[in-house]
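*Asks:* Add 2 to the 1-based position in the sequence shown for the working numbering, that's all there is to it.
The hints are simulated quantities; they were obtained by calculation from the structure and are not laboratory data. Misleading hints may appear alongside valid ones.
[Said to hold, decoys possible] Under the rule of at most 30 Å between Cα atoms (straight-line distance), these lysine-lysine pairs were calculated in the BS3-like manner: (1) K45 x K23; (2) K25 x K45; (3) K25 x K43; (4) K43 x K23.
[What the hints assert, rightly or not] FRET-style restraints, in silico, Cβ to Cβ: (5) V20 x Q64: 26 to 32 Å; (6) N56 x E76: 28 to 34 Å; (7) Y63 x A21: 15 to 21 Å; (8) V20 x D85: 30 to 36 Å; (9) Y37 x D85: 18 to 24 Å; (10) T66 x K23: 18 to 24 Å; (11) D85 x Q46: 17 to 23 Å; (12) Q46 x E76: 18 to 24 Å; (13) Q64 x N30: 17 to 23 Å; (14) V84 x N40: 20 to 26 Å; (15) K23 x V62: 25 to 31 Å; (16) M39 x A82: 17 to 23 Å; (17) Q60 x M39: 14 to 20 Å.
Note that CB positions come from ideal geometry on N, CA and C, so glycine has one too.
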Amino acid sequence: MRFVAVIGMMVMLHGCSVAPKVKDSSENHVTIESYSMNTEKSKQLADTECARYNRRAQMVYQPTSHGGTSIEDERDYVFACVD
3 MRFVAVIGMM VMLHGCSVAP KVKDSSENHV TIESYSMNTE KSKQLADTEC ARYNRRAQMV
63 YQPTSHGGTS IEDERDYVFA CVD
């Protein structure tokens, strides 16, 4: 019975680790939402989005763990799509 409870808890905790996702994208910039604040994965995702316009991503804003202007902004990475 404990084994089933442990497995259930692991599944629930795994669901809490949300992968970075594109919040907004255009030819000039990409905003990536990352609850885990994973810079590397966010950069890869932004590079993929910018590649659609034959550009590469350059980070212009990185969230900090100690807060920003609002709760929502605290988990957003902003990348410029540059030539």
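*Asks:* None of the hints should be skipped; say for each whether it holds.
*Replies:* Results of checking the hints against the structure:
1. Pair hint K45 plus K23 holds up; C-alpha atoms about 11 Å apart against a cutoff of 30 Å.
2. About 13 Å separates the Cα atoms of K25 and K45, which keeps this hinted pair within 30 Å; it holds.
3. With a CA separation close to 14 Å, the supplied pair K25 and K43 stays within the 30 Å bound.
4. As the CA atoms of K43 and K23 are separated by approximately 9 Å, the hinted pair is consistent with the 30 Å bound.
5. A hinted range of 26 to 32 Å is violated for the C-beta pair V20 and Q64, which are about 18 Å apart.
6. For N56 paired with E76, a C-beta distance near 32 Å keeps the hint of 28 to 34 Å intact.
7. Checked against the hint of 15 to 21 Å, the C-beta distance between Y63 and A21 comes to roughly 20 Å, which is consistent with it.
8. V20 and D85 have their C-beta atoms about 32 Å apart, which keeps the hinted 30 to 36 Å range intact.
9. Restraint check, Y37 to D85: a C-beta distance of roughly 31 Å breaks the suggested window 18 to 24 Å.
10. In this structure, T66 and K23 meet the distance hint of 18 to 24 Å, their C-beta atoms being roughly 20 Å apart.
11. A hinted range of 17 to 23 Å holds for the C-beta pair D85 and Q46, which are about 19 Å apart.
12. The hinted range of 18 to 24 Å is satisfied by Q46 and E76, whose Cβ atoms lie roughly 21 Å apart.
13. Between Q64 and N30 the Cβ separation comes to about 18 Å, which falls inside the hinted range of 17 to 23 Å.
14. The given range of 20 to 26 Å is respected by V84 and N40, whose C-beta atoms sit roughly 22 Å from each other.
15. In this structure, K23 and V62 break the distance hint of 25 to 31 Å, their C-beta atoms being roughly 19 Å apart.
16. In this structure the supplied range 17 to 23 Å holds for M39 paired with A82, their Cβ-Cβ distance being about 19 Å.
17. Separated by about 18 Å at the C-beta atoms, Q60 and M39 satisfy the suggested range of 14 to 20 Å.
Checked against the numbered hints above, the structure violates hints 5, 9 and 15; every other hint is satisfied.
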